[in-house]
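Visitor: As a plain string of letters, each chain reads:
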Amino acid sequence: MDDSGFFGACFRYKKCAITLIESEDIGTVGLGEATLPHLRFFNKKLGIDERDFMRRTESTYKMGIEFVNWGKLGDAYIHPFGDYGDPHQKIPFHHLWLKAKQAGLDDRLCEYSLPVKAAAANKFEFPSDDKSSVLSTFSYAYHVDAGLYAKYLREYSQNKGVERIEGKIAEVSQAPDSGYITSVSLPSGQTIEADFFIDCSGFRGLLIEQTLNTGYQDWSHWLQCDSAQAVGCERSGPLLPYSRATAQTAGWQWRIPLRHRTGNGYVYASDFIEDEEVTQTLLQNLDGKPLNSPIQLRFKTGKRNKVWHKNCVAIGLSSGFLEPLESTSIYLIQEAITNLIALFPDNTFDDSTSNEFNRIMDAEYQRIRDFLILHYHATERDDTPFWNYVRQMSIPDSLQHKMDLFKQQGHIVQYKAGLFLQPSWLAVYAGQRITPRHYHPSIAGLSDELIVEMLRETKSNVAKGVQAMAGHEQPLSQYLDQNSTLTNRSEASASLYSKR
Amino acid sequence: MQSIVVLGNTPSAWLAAVFLRKRLNCDVTIVAPILQTSVSKVASVESISPDALEIHDVIGLNEKEWMYHSGGMFELAAQFVDASQDSASHKNTAPLFDFMLAHTKTGIDFDGLAFHHFFKLQNETSFDDFSLAAQMAKQNKFVLPVADQTSILSTLDYGISIDTNMYTRYLVGFAQHIGINVEEVAALNVIYDGCTQAKHQDHPQLDDHCVSIQSVVLDDGESLQADLFIDASDELAVFNHLSSLSDVTPESTNTKRGATRQRSARQVLTQQDSTLFDSVLIGATQVGHAAKCYKSIQTLKDGLLVTYRLAQQTYYQFYYNSQFTSERQASVVLKRHTQPASLENMLHESSHTQLTSWDEHDKWRANCVAVGQGIGNPALLFTGHIELTLRAMHRLVDLIAVDTKAVFNRQEYNRLSKEEVRRYDEFQVGMLKSLSLKLGNQPHSATATQPSFWTCVARRPLSQSLKHKLALFNKRGTLAAYETDPIRDNLWINLFMGLGLVPQSYLPLLDMQDNSDLDAKMQRLKSMITHTTQQLPDVNTFLRHLYKA
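Which chain is which? The protein sequence lines are H and R, in order. Residue numbering for the first sequence is 3 to 502, as defined by the working numbering. Residue numbering for the second sequence is 59 to 607, as defined by the working numbering.
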């Protein structure tokens, strides 16, 4: 059972009996330690107090992810939870920057992002609720100990009346005519009947796959990584308000700062590197002493053909897997739960309802998939067979279209809904050296002097905002102190960015 | 981007010219056949939705001023009334429906769940009782939305209905004021890019992006070069000529439109790609006029009658299908349903106009973009050519490239354009289908061998996405939202609920919630709406004060 089981059980309504079956014998995967701002929104819906949650899960704040060595060896950029500058007469800010760059400006785009500069300076404070302030132009998430989070949610669920049964599923029964699941049985002989089943059994997909045979879309030809090794280490150095993903020989290594330890791991493509070499690299790049031997994991990137089939919904790893490069695992669980509530079935299990759920989740998965592939494909690295492969591989048409548009003239495809919107795509394009050939023609008439002045003012506002912020650790400690009276007035939002 | 030439003397042409001049700040020349025919002899009225008004704001026109000069009126809603049972035997029968389709959301969400679920749960009967905009429209009251989020008046939003002839005249003046060059001509010749002309001789099937327009030649022989050409003429002479050098011939699109006329009545409406309305009869009058802040859509036996009561005139549009209703019959219908009951009092020529379906081909080829009626003139009940041109130009500005032949930008523009048309069409088909279901088993002059118009609409097959949308709402009251849908979610919900197409079941989770105070909350909301509406001024009073200020 993973986090998704307890997440799912948390959303309980009074007259719906929810039974959670899990086994202590089955370990949790625990890779999802970095989160997205959406978690704050989700916690708020559950009525979870932020301070209590952070204390119990050893959390720290997260303002973004630093990507090291992705575009080129030696490169580094931060993908922030926030935007870059302000649009000029509805033309996105980055066009101004592009024009200035073509005229000789040396500044990187990140100079115009408060969360990037703040994170790099190890600063943090809660976003301001004053929408006119530059300090309102970002959001934040958490680094959490996933094991502690699962325990926290278990307690929450059980306090809400969720019944927990310890055990593994030994047998699944189906109705002979419809194929609907009618009950599950444990080795003890206990049988649990239900109208509706949520499969959080992990990669195996006990119900959705092993019973209902929905099939799997394999995306490993685009996202080559199929293995990971994870290890915790002692904390060392300052507590940073961002995660780090360092591109390695055949994958990437994560670093996630928690209050009690640092989480590390190496996600890799086993076709391109041996496990032993991975272990060596991983251990060589720790900040402090390892706290355990690396845990080995294997996975297959992709998703179930249907995540809702008949009377079973798969949530979490049982529905599919995308590597945690952009911390999307918990987000996908939460989105599945939110959509399930909106589309909660009655006993007729109408096709239109499950079709809609599958349509929405398909779109979520595919867009995130494209975004992750971009990180690999948008590289100049040719130093290893792995990077040569990903640089030259064919990519989904949907991603090719987006990249073509951006390379032509800096246009980023807009979506109304979904996780990674314009600022995120811009962060990766700019950070990984994808430079458009042209800027938007509507600013051609603006003089270089005017544009430079506009950029200078934005940069100055960002710098002043960062200067006014406190260091990360101090506000964190103050907020979590037992006697703290500090309040967080910033609004939790489902968006990755500020609410401006 | 240094220069743009806009071709045509239509409302779309003037709007495109003004919009591009303001947004791109480049040279814009409009090439118009004859200046005074920029306005039609036929009365023409359109609605601009709240979302399109936001785009319109970019032009920088003072709303009060352009609305005044366009004979415009605020539009809070569309009133749907059934008038199909108009035979003598049904004179005293209550209409099957009479509700306001407001632009804004109805009700408020409770516990994160959409209001209409609770409406079903509580067995309330009148959905628009919970819409401030609908109640205001019913009582013809109006006030502008306020910024204060604690006020119920902050939930308001409005569209504007305009006389497009008056609007165009206003734009013509404004265009000249902001430095748009105007060339009056009788005809156009087009010169293509020299190098590709040679290629064309050797390779008849040219790749689209090799072909481009170099210049257009005016009556006096003057040649007008530009980086980008916008063809907003009715004939699309330049755009079609450009297309003919590629894989699309103008003849093929005309054939597609013309084919509709050759089918039988049953075929006309029972095929997914056919046009439901192929004609519209338009008229306008000043007699017996009182302005209303909503348009009225009446279902008649053989079509729809849309009535706009604007500041200065009342406009009528009777949409029908010629396979069921002749022009003469349409005139009789219009005469019977309009006031005064005499077409002689119409100010303009009443005109039967043939409607055409959308041209499905790309609208941006090489360095030429087609907009306006030339690319299609279907029945547009919830949008109009003004709005579509606004959206097209907004999209174009977003995607316009320094290299105007940019393939990827063009592809994206064409993709989005097609999606937009598809979604508008879906809303309209969805609306007509829902109306036909509501009209149900009414005879409507149907016979065993000759089905009625509404019977054929009911039988029309739907696209997969529309089928899914209707099925999902019918089952659970959940709305399938599509990324490219320009129609707001609340319009769909307001339409279904207003027609009484209430879902079979409500959200099961509502059963599991503590709803003991739900009834009280809903009654409080209804009461707040009633009380607020009562305090507001009549829209005509509001307008008088607005224009005096």
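Treat the hints as calculated values from the structure; they're not laboratory data. C-beta: ideal position from N, C-alpha, C; glycine also. Treat the hints loosely; a few may be bogus.
[Stated by the list, open to error] Derived Cβ-Cβ restraints for the label pairs, each shown as a range:
(1) R:V465 - H:N349: 35 to 41 Å
(2) H:L75 - R:V460: 30 to 36 Å
(3) R:H589 - H:R206: 44 to 50 Å
(4) R:N181 - H:N349: 18 to 24 Å
(5) H:Y417 - R:D577: 53 to 59 Å
(6) R:N181 - H:R206: 28 to 34 Å
(7) H:D51 - R:N181: 43 to 49 Å
(8) R:Q180 - H:G191: 43 to 49 Å
(9) R:D167 - H:E236: 45 to 51 Å
(10) R:V116 - H:R439: 25 to 31 Å
(11) R:S521 - H:S400: 43 to 49 Å
(12) R:Q180 - H:S175: 54 to 60 Å
(13) H:D399 - R:V116: 47 to 53 Å
Visitor: So which hints don't hold here, by number, going up?
Guide: 1, 3, 5, 6, 7, 11, 12 and 13
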